[in-house]
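Participant: Chains as they are written, first to last, in the working numbering: chain H, 1 to 158; chain Z, 1 to 62; chain Y, 1 to 578.
Because the hints were derived from the structure by calculation, they are not lab data.
Glycine residues also receive a C-beta, built at the ideal position from the N, C-alpha and C atoms.
Check the hints yourself; a few may be wrong.
A short list of chain H residues far from chain Y (calculated; beta carbon distances all over 10 Å) [stated by the list, open to error]: (1) R36; (2) S60; (3) I68; (4) R70.
No farther apart than 25 Å at their CA atoms in a straight line, the calculated lysine-lysine pairs in the DSS-like style are these [stated by the list, open to error]: (5) K157(H) / K263(Y); (6) K26(Z) / K314(Y); (7) K514(Y) / K457(Y); (8) K229(Y) / K32(Z); (9) K462(Y) / K157(H); (10) K229(Y) / K113(H); (11) K514(Y) / K26(Z); (12) K514(Y) / K32(Z); (13) K229(Y) / K40(H); (14) K462(Y) / K513(Y); (15) K157(H) / K124(H); (16) K245(Y) / K257(Y); (17) K512(Y) / K462(Y); (18) K462(Y) / K26(Z); (19) K389(Y) / K271(Y); (20) K40(H) / K257(Y); (21) K208(Y) / K173(Y); (22) K124(H) / K257(Y); (23) K90(H) / K40(H); (24) K257(Y) / K157(H).
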Amino acid sequence: MRRPIIGLGAQTNTRLHVEPAKRTSVGLEGAALEMRLRQKRSSAFVEAMTRLDAGGVVASKQQVQELIDRISAEFPELAELQLPLGIVSKCYLGNPYEVHSLDRNLAIIEHYKRGQSLPNGMEKARRLALHPGYAYIEVYTNMMCAVTHTGEVSIIKE
Amino acid sequence: MVNRVRPIIHASPEAAARMQEELDRKIEEVQKQTTDESLARSFPDWDLNPPAVLVRRRSAKP
Amino acid sequence: MADQVVSRADLSGINSSLRSLDHSLNTISNNLNVVAQQVAAVSMQVSSVEQQVEMTKNDLDRLAAEFREFVRQDALHKNLQLAETRLVKIRQELENKFGHYEEVRRRAIGILQAVDTSLVRKETIGLASEEQLLAAPRYWLAPCLVALSAWLNDNRELAERAVMEALRRDDEKTSLFFALVTRRGGRFRASSAWLERYLGQQDPNELKREIVVLVDAFANGIFGLEARKRCGMLIRSWLEELSQKPGFVEAQREQWKNALRAKAAALDPTKFPHLREYSPTWPQLQQALEGAHLHDIIYQYFNFILTQDVVPTKDLAAAVDQLLDVLVREFDAEELPLRREERINELIIQQNGDRQAAEQLFANERVVEERLDFTQLLTNFAMYPAESKASVATQKLAVALSKDWILEAHRDLTAENRNAVPLDIEITVDEWKGVSRDGGNEAELVEQLDRHLQEKKKEALKRNRPGFMNWLSLAAGLGFLWFGLETRFLLVVSAICLIVFVYGQIKSATNKKKIVREFAELFENHKQILLAVLSDIVDYRREYEAADANSVLIGELLEPVTPDQYVYSTHDSARTVI
Chain H
1 MRRPIIGLGA QTNTRLHVEP AKRTSVGLEG AALEMRLRQK RSSAFVEAMT
51 RLDAGGVVAS KQQVQELIDR ISAEFPELAE LQLPLGIVSK CYLGNPYEVH
101 SLDRNLAIIE HYKRGQSLPN GMEKARRLAL HPGYAYIEVY TNMMCAVTHT
151 GEVSIIKE
Chain Z
1 MVNRVRPIIH ASPEAAARMQ EELDRKIEEV QKQTTDESLA RSFPDWDLNP
51 PAVLVRRRSA KP
Chain Y
1 MADQVVSRAD LSGINSSLRS LDHSLNTISN NLNVVAQQVA AVSMQVSSVE
51 QQVEMTKNDL DRLAAEFREF VRQDALHKNL QLAETRLVKI RQELENKFGH
101 YEEVRRRAIG ILQAVDTSLV RKETIGLASE EQLLAAPRYW LAPCLVALSA
151 WLNDNRELAE RAVMEALRRD DEKTSLFFAL VTRRGGRFRA SSAWLERYLG
201 QQDPNELKRE IVVLVDAFAN GIFGLEARKR CGMLIRSWLE ELSQKPGFVE
251 AQREQWKNAL RAKAAALDPT KFPHLREYSP TWPQLQQALE GAHLHDIIYQ
301 YFNFILTQDV VPTKDLAAAV DQLLDVLVRE FDAEELPLRR EERINELIIQ
351 QNGDRQAAEQ LFANERVVEE RLDFTQLLTN FAMYPAESKA SVATQKLAVA
401 LSKDWILEAH RDLTAENRNA VPLDIEITVD EWKGVSRDGG NEAELVEQLD
451 RHLQEKKKEA LKRNRPGFMN WLSLAAGLGF LWFGLETRFL LVVSAICLIV
501 FVYGQIKSAT NKKKIVREFA ELFENHKQIL LAVLSDIVDY RREYEAADAN
551 SVLIGELLEP VTPDQYVYST HDSARTVI
């Protein structure tokens with residue numbers, strides 16, 4: 001996708017920006033990790049994660065990066081490897097789309113139709129993502145965090 | 001939509017306060033019944049209280 | 001052959017030799033008899049000796065046994081005597097070193113048991129002096145007694161000084177003593193303060209069994225209204241401390257998950273009969289729905305606990321009073337070694353010197369100091385009140401203290417349940433398979449069913465067609481007809497063949513009608529089943545959704561509950577921000 005070369009202008013960048021170099025490489029262990037993940041999510045974060053389709057069917061690289069930065073900012077104590085693999089939530093673009101995902105590693109947002117499987121181990125979050133009780137689902141290698149609209153977290157382990 | 005067949009606990013703070021009072025009353029009643037009268041009558045007006053010294057826990061044996 | 005003359009003299013010589021030989025043989029024979037007799041005699045003597053040896057052995061055994069018994073009895077006797085002597089010595093030593101302790105105990109019991117004021121006063125006279133403290137210099141109960149009697153004699157200065165001394169000797173026991181005494185005497189502000197002091201010294205990792213009685217007591221207001229609130233908060237700080245241990249919170253959550261899951265009830269077996277019969281997905285559907293129904297069950301359970309009336313009873317006060325009696329009669333740590341010696345020697349005497357039996361009894365008597373896991377206690381109080389004999393107030397306290405773990409466990413269970421609901425529901429009618437999500441794709445499925453049955457009908461019709469044999473019989477009939485023009489007999493055969501052919505054709509035709517009719521019926525029948533299953537699916541989804549929605553109730557119910565306000569919460573304070 002080509003980078004827009006006009007319109008960048010003199011914008012004061014007030015968005016969050018986390019330096020990846022400063023992130024701890026150790027992170028948290030076992031019980032402490034789970035305890036941290038169970039902490040309520042900030043409402044700004046929940047808000048941002050439910051609006052993955054704010055950019056329409058195709059999101060700009062900048063928008064995707066911003067979302068990824070937000071994830072990093074929400075969990076400053078965690079090591080890079082411990083951050084979620086991706087976010088899955090209900091898609092409001094309408095038929096035929098059902099869910100969409102934010103893949104952290106690939107830095108893309110994809111929308112999926114019914115019957116279309118999510119790749120990279122994120123399919124397991126589909127069912128919960130479709131449930132009205134949850135705002136979005138954080139996908140990790142061996143578990144999922146289901147987050148409500150008020151930020152409360154439930155953990156489902158494999 | 002939540003279908004609430006029964007109200008959660010009590011509908012008003014007044015009702016709760018009333019029940020609290022009722023309970024307090026019952027507690028006081030039982031207190032009267034289980035107090036040793038002769039002992040109670042023998043005490044002077046003032047209370048013998050523990051000192052306000054900070055309490056250290058008995059050494060926790062591993 | 002020469003004639004030989006045998007001289008007689010030679011024969012007689014031989015004769016006499018033979019005779020003497022014979023004589024010798026007789027002698028030998030007689031001797032042998034004698035020997036035989038003697039052998040027999042010896043043999044008899046030998047068995048006689050054997051018998052005697054046997055008898056001697058028995059005697060020896062018996063003698064040995066008697067001897068051992070004698071030794072045993074002697075030992076027992078010695079043990080007995082030793083124990084008697086020792087006991088006397090020990091009791092003397094106890095009297096010398098700890099005689100005053102018994103005196104202190106006696107007077108304490110006297111004050112506590114006195115049923116009228118004059119008796120109380122009588123006991124306290126002579127106690128309100130510092131000399132008492134010197135008589136039992138290390139016993140914690142002595143200064144407590146001085147303090148108590150000073151208090152009863154309105155001597156504030158002495159009372160407070162004695163309290164300080166008592167606390168110096170044993171803070172824990174002193175605190176418990178005054179908590180219990182002031183309660184008995186109706187001084188509830190004081191008893192609340194003392195109880196807090198006592199509880200504050202407890203290690204939540206290792207609680208003594210008395211804790212159960214004390215918790216039940218203060219939760220029911222036995223120690224006063226203040227105590228109920230403040231001790232509840234104190235216990236909550238225990239839990240906060242315990243929560244610092246790694247893995248502790250996780251263990252609580254798991255414990256609560258199991259306890260909550262155990263309350264699930266089986267689904268009504270008459271519900272969703274069509275889904276049950278025609279869907280291979282039914283087991284997952286059933287489990288998911290049962291899990292959703294659990295929300296309401298859990299809500300009703302906790303709601304019941306929180307809205308039940310607390311009825312304080314006298315029994316709890318009696319149990320608390322008993323604690324005081326035990327505390328006062330307890331031997332002090334210093335006396336214990338001697339007291340144990342005393343006891344074991346008493347038992348030896350009782351068992352007539354049998355040391356082993358005495359030691360066994362002694363071991364049985366020692367009350368095992370059982371330390372409790374407080375959090376297991378809490379879960380039991382809240383979820384299994386009948387088994388753990390918890391009063392209503394204690395149940396409420398336990399719920400209030402465990403609130404966070406209950407909510408987390410419930411949230412996890414909810415997510416697990418929602419994750420387990422099948423999105424696609426399989427339908428199997430006979431050989432036909434279909435899939436539906438919410439029962440809304442009726443037209444599509446009916447068409448699929450129709451197509452499937454049409455296929456089957458085609459196959460059936462194909463099979464029904466008159467086969468090779470039928471055409472063969474036609475051919476045979478015609479053939480035989482041709483040849484039968486000459487031979488009559490073949491005409492008959494031909495006729496038979498033709499009849500067989502015609503019969504086959506008719507049968508096939510009627511079967512065809514039958515098949516068509518049957519498939520039409522089958523289609524109707526299966527369609528009805530399909531529609532019924534779809535209707536069940538609609539009902540299922542609706543019921544699940546309604547049951548699932550109840551999960552918020554538990555959060556709303558438990559969020560506002562706190563250990564200092566755990567009896568009645570208000571609806572208003574349960575507002576959630578969405």
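Participant: Look at each hint and say if it fits the structure.
Facilitator: Verification of the hints:
no. : hint              : in the structure
1   : R36               : holds, 12 Å
2   : S60               : holds, 31 Å
3   : I68               : holds, 25 Å
4   : R70               : holds, 22 Å
5   : K157(H) / K263(Y) : holds, 22 Å
6   : K26(Z) / K314(Y)  : holds, 11 Å
7   : K514(Y) / K457(Y) : holds, 11 Å
8   : K229(Y) / K32(Z)  : holds, 20 Å
9   : K462(Y) / K157(H) : violated, 55 Å
10  : K229(Y) / K113(H) : violated, 57 Å
11  : K514(Y) / K26(Z)  : violated, 83 Å
12  : K514(Y) / K32(Z)  : violated, 92 Å
13  : K229(Y) / K40(H)  : violated, 29 Å
14  : K462(Y) / K513(Y) : holds, 13 Å
15  : K157(H) / K124(H) : holds, 11 Å
16  : K245(Y) / K257(Y) : holds, 20 Å
17  : K512(Y) / K462(Y) : holds, 10 Å
18  : K462(Y) / K26(Z)  : violated, 88 Å
19  : K389(Y) / K271(Y) : violated, 37 Å
20  : K40(H) / K257(Y)  : holds, 20 Å
21  : K208(Y) / K173(Y) : holds, 13 Å
22  : K124(H) / K257(Y) : holds, 22 Å
23  : K90(H) / K40(H)   : holds, 20 Å
24  : K257(Y) / K157(H) : holds, 14 Å
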